[in-house]
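Number of protein chains: 4
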Amino acid sequence: MTALTPRRGVSPASDTPRSDTSAVRATGLRAAFRSVRAHTDALAAPLSPEDQVVQSMPDASPTKWHRAHTTWFFEQFLLEPHAPGYRLFDERLAYLYNSYYVAAGPRHARPKRGLITRPDAATVAAYRAHVDAAVDALLADEASLAPEVAAIVEIGLNHEQQHQELILTDILHAFSENPIAPAYDPEWRFRPASRAPGAVALPEGIHTIGHQGDGFSYDNEGPAHRALVGPVEIDRGLVTNGDWLAFINDGGYDDAALWLSDGFAAVQQEGWRAPGHWRQEDGRWHVVTLGGLVPVDPDAPVCHVSYYEADAFARYAGRHLPSEQEWEVAARSGELADAFGVVWQWTRSAYSPYPGFRAAEGALGEYNGKFMINQMVLRGSSLATPPGHARTTYRNFFPPSARWQFTGLRLATFPT
Amino acid sequence: MTALTPRRGVSPASDTPRSDTSAVRATGLRAAFRSVRAHTDALAAPLSPEDQVVQSMPDASPTKWHRAHTTWFFEQFLLEPHAPGYRLFDERLAYLYNSYYVAAGPRHARPKRGLITRPDAATVAAYRAHVDAAVDALLADEASLAPEVAAIVEIGLNHEQQHQELILTDILHAFSENPIAPAYDPEWRFRPASRAPGAVALPEGIHTIGHQGDGFSYDNEGPAHRALVGPVEIDRGLVTNGDWLAFINDGGYDDAALWLSDGFAAVQQEGWRAPGHWRQEDGRWHVVTLGGLVPVDPDAPVCHVSYYEADAFARYAGRHLPSEQEWEVAARSGELADAFGVVWQWTRSAYSPYPGFRAAEGALGEYNGKFMINQMVLRGSSLATPPGHARTTYRNFFPPSARWQFTGLRLATFPT
Amino acid sequence: MTALTPRRGVSPASDTPRSDTSAVRATGLRAAFRSVRAHTDALAAPLSPEDQVVQSMPDASPTKWHRAHTTWFFEQFLLEPHAPGYRLFDERLAYLYNSYYVAAGPRHARPKRGLITRPDAATVAAYRAHVDAAVDALLADEASLAPEVAAIVEIGLNHEQQHQELILTDILHAFSENPIAPAYDPEWRFRPASRAPGAVALPEGIHTIGHQGDGFSYDNEGPAHRALVGPVEIDRGLVTNGDWLAFINDGGYDDAALWLSDGFAAVQQEGWRAPGHWRQEDGRWHVVTLGGLVPVDPDAPVCHVSYYEADAFARYAGRHLPSEQEWEVAARSGELADAFGVVWQWTRSAYSPYPGFRAAEGALGEYNGKFMINQMVLRGSSLATPPGHARTTYRNFFPPSARWQFTGLRLATFPT
Amino acid sequence: MTALTPRRGVSPASDTPRSDTSAVRATGLRAAFRSVRAHTDALAAPLSPEDQVVQSMPDASPTKWHRAHTTWFFEQFLLEPHAPGYRLFDERLAYLYNSYYVAAGPRHARPKRGLITRPDAATVAAYRAHVDAAVDALLADEASLAPEVAAIVEIGLNHEQQHQELILTDILHAFSENPIAPAYDPEWRFRPASRAPGAVALPEGIHTIGHQGDGFSYDNEGPAHRALVGPVEIDRGLVTNGDWLAFINDGGYDDAALWLSDGFAAVQQEGWRAPGHWRQEDGRWHVVTLGGLVPVDPDAPVCHVSYYEADAFARYAGRHLPSEQEWEVAARSGELADAFGVVWQWTRSAYSPYPGFRAAEGALGEYNGKFMINQMVLRGSSLATPPGHARTTYRNFFPPSARWQFTGLRLATFPT
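Chains as they are written, first to last, in the UniProt record's numbering: chain X, 1 to 416; chain V, 1 to 416; chain G, 1 to 416; chain W, 1 to 416.
Only chain X is shown next, with the shape it has when bound in the complex (with noise of 0.2 angstroms):
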């Protein structure tokens, strides 16, 4: 089955995975969409309704957002075409939460999300509870549910799982503006890296990229087919904090002869000295995390780099990121540590359609097609993405710049 992930306008997000289909099948898809439900419920938890309004930034969303619209989503794409008799909750949210979907009709503009300060979180969360029975209602006798609308159910859940991963990294976008850094959970630690020595050998051969069979996945992921890959090694271990606090000290941000034109230009002009949400405190270098403002820890994978600093720090090194296709290989192998699960993995792959991609007709077909262009190719997953979330054929992208995602790298060699 081919699915499609709602992408947002300037810099989509790390938003897409796949809600563990084995699990769907397993618990079906009523329990699915509870589960997924609640756990957006218990995201949003720990934030105030002063922290779910504010945006702090046109690439960031505010959390009421994030709850409100994945809410639209089931309501636009399910209820109303599929649900007899649904009742619109407020018809003015369809304008409020729409994000980019221009064949769903008109949008408030994405850089003033961050000003809705009503709807308040109360009533969006009256509107999560009014769509939520009105979908269980819908699945409560699933077998006789028509196989396109389980699809969308099921796009559906993928879709909140993306904006789960987004409620995450936008609220600490958030709090990284804020001068005294607040902590969205104060017990919240990075999880450190496996640091597997060696490399994963993939001589020249061919495979087929891009995902097959049965299970979800988006379209940007196929069509599958055929290429030739390798030779090339590719590190088992995460690029570390330790590694770049090297080539800081050894001036890599200053030395022009690393970096690509642009990034370089990005360099000077946002004055990086250093990855995302960093700060130097007292003479040390500190990181805003989830946890609070925290000490840089050397072991662990850096994070909320670009992918201009990911590249010049390669050339840095002597060495290269892998392409998407590399790295999917050589994760199938199996060899492959911290693939999913920590940071995002940049690659040196741009976002393009593979041979023969066609959007789907539609609305949905607006996920991902639109925005191959001027972005790079992650892989893996991070964190922060929802687990069951990721597969070895996932595509996730952003604009080279990006930082506030949880994205970091590995390393590769081509024999010579």
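Check before you lean on any hint, since a few could be wrong.
When chains are identical, the list treats them as one kind, so a pair holds in a single copy or across two.
Calculated pairs, SDA-like style, for lysine to any residue (alpha carbon to alpha carbon, straight line, at most 25 angstroms) [as the list claims (entries may be wrong)]: (1) 112 - 279; (2) 112 - 125; (3) 112 - 294; (4) 112 - 178; (5) 112 - 268; (6) 112 - 273.
What the hints contain is simulated information worked out from the structure, not anything from laboratory work.
Please arrange chains V, G and W on chain X, whose structure you already have, making use of the hints.
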């Protein structure tokens, strides 16, 4: 006594007035302090924490910021230097809630005030209570207060009253950016104009302009000086929405010949077709007010017009705007209707220092003088100005493009 | 006679003076026409076609444009309506060389004037000759000229003299942007100041401000009106480079307390450390002049300072800038040194209409009135102003950030 | 041999090709040098000094700059290090005419190249003659030239040929901004397309991509590597103006569903309604060409389209753009019509390093590698590309919004 008012970075506010000096004298400083502080809380009461955190443009500030900043003012300028043993509520707040007092130390960037979700509204309420208690104690024995300390209290109260007006104008702007146009107070109605007929005729004469005597005033109201004023005739009534609708319907916004060059550039760049907060719905003009979206009342004074619009309207009408000196003399005569409490009235006077003006030394000297450029003077006061805060010598000022205050106009004629 | 001066889009020019009305009357219109036109050609003579095509910023114009635009002015306003049988040189030029006269039709975008390599300089010379011949013929029988036609000629000559000054200021700006700092005329030297000591004391008195009598003046110099001026004392001498070096060395550009808020923002954004066209070379201040790069002469009047800088300097010196009315009365007294012919002198007066001012109808009415906002008045004239073009009532005006004209200052004191 | 090409700051140019290595070998380096240098002068000959000084946008450069910069290249990289006793023509020119070689020292700001009226065109001609004489002397005894010195000459000639193409594209852009649309050469006509029917079918196969052998190539054409290409069918003919008019008339520029998200944003922001340099006059489409303004020829290949437009057109046509690898294999087959000498052809490939690519050390290593982001690859060559400068492995690249080069497209189909 010379006193000084805080003005804000880009576009100083109409925040200035005096807290009814006679009231201060009658009831005493402590009673006045309690009254003004309570009024701020009353103004914020209809707003949720979500409402209070949002900043809809760099020129506006969040309600929570206004509440905290006015409190910081007493802490910084009154308690720290003059209350022995006072303990700061939280030293980080000085950074967050300083507005533009360079001499008082570094500040949080003005356009990012809307990102401060924490400290939350409850913490700011506690901050207010903490400072209120300390000031209350300081003022217990009013008779023994040093005059310069009493002067700081008086400035602080005037300062807070300015921010009371801004609380209303800024939240109105935020709500006007919300497609659903929430109401601050559903019962709120615009005050009708007196529609007084005729004009006040001022023959040529030498008058003293500026503040004299021992009541409170801001530094920009002095030095008092003599000026030749008149002959001129100033309308007793304000320009109304009905007048403005005629201007719109006559193509006023399309006729470059009516506009200052910079004004017409603003019309084109901003897409102005009507006063601020106006929206056309169902073929009829409505306006977002503190009471929500209501039809434009043709009998009410026009409001939310920029200087550019006021100037173009005067040209369209074959009339002129009065100068601030003409306005002051006319208002002093007592024959001028709606001088106070309806809308601030644009004058044709640029905001300049009076002859021999010199700003005071120290942080409180940063109030008015440094904004004497690129702004126009408004006289009178608006419906949002706290009672007792207005006087005939009061000088409000905004850039010629500002529209989010309660700003209107009256017209004048020069006899030929 | 009321007349009107062309002002330029964003930042009107110091283009102002009259073409010596007495000379016009003495020698006749045709002789004056020939003389003024020849002077423009003489000014352009040291410049190559390459020099003449370049536009160094939107506020400046190419020499070739000035030469063609002044010619277009006579063609558009004099020959087309008043010279029977006149044939346009090339109708496409009206589009290219209209400046900002909305009523005269559409115009080429101001910031793109530097892209017009063709028509080339030789064609523009031919255009000038074509128009000169037709005007010359029209003026052959001067006695029979209708007064309104003679008035247009007079305006056109004043207009061209304004552009003569701009030819010099604009090419100086272009050369100042060139790392090799070419000289317009290697022999050129800045005129030294008289360094007259003392001050002109003006006691309080009622004076008539603005132009009276039958000589030529611009519309913004009227209506003449009575005003109360003084008491004030105005320095007879101008502020010098030596004075300014002391300001620089005392940290004047770093001390926010000396500056208007907008002024300090300009200092920081533009990186101002000294007046315009100054460069530090080999540890010493130099300045790009029409004679090339030369060391700063401490005895010469300071030049190329913005209003912001003039205002900050006055505050630094514990002094004030005079108002335009004070300047006018002092200049009329004949005791004021260096009033004309050295540098334009910033006043503390915003550029506003005189009481009862009304712009004339028609395209020529677009001259001055529509620029009466966001600008400050300068009085006097500069070394680049054509002889005979200055008078005591003349009002020049520029935005407070402008530095590329020959702008300086003198100081005043208010007796206390 | 690995060689490196100069690319320009924001949007590198189509300037690259080789100066016909076979010709170099046949005639010798000195003859090739004389020939290439003479061709540059011939291209500049129809342009006046005024034409040559202008810079119409930051991405374009003045003709005079191209003439001087290519000369500086030989002085900087060939004569200074390898010609004993060579005397610089004028040391200030290194600052003015360095393009973006950070390692070669500071440079004049790119967007201000149009302000350099002096040195004048004649001086630049003298500069060229000075350098030509020195190079000529150096090449007199070609047999004894060190291979690395010969390599620098060869790079310099290729570099100059790139700028030859830019001389034409940049002056065309400048002329297109001129309302009177001057002609570079009134006799110039666009080369018609072959309109070859049918498609080249490529079955799946492993091919070597990139440059092999000992002829000249740029560093970005290697390392040569194996890739799986096909199955795909690539049209032998180019898309024509007639095809494009159908796209326009079908509302192609208004249909968001056809466009990449960034592409439609460009359409709206730039107001694109047709390819670059097109103007509607008298209800019919015309285009500014090197021969002046002419009616659009429906049989000619479409030109001056951005990648965004090419991509939207392909989607509109239900087709795809070929990848650069597909293009290279098809071109190598010899069956591809109009591969060279008409228009550069957008591919769907982002400009990325080939596997294992590593930029060379030193200033000449700044050529291509640092631009491998945010750009798309074009293949082939255009009518403005110097003869002999093209080859099948050549990679040109521009940002997806660029339209001022001679850029068109051909379409492909994936068999299903």
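Query raised in the report: For which of the previously enumerated hints does the structure constitute a violation, in increasing order of number?
Result: Result: no hint breaks.
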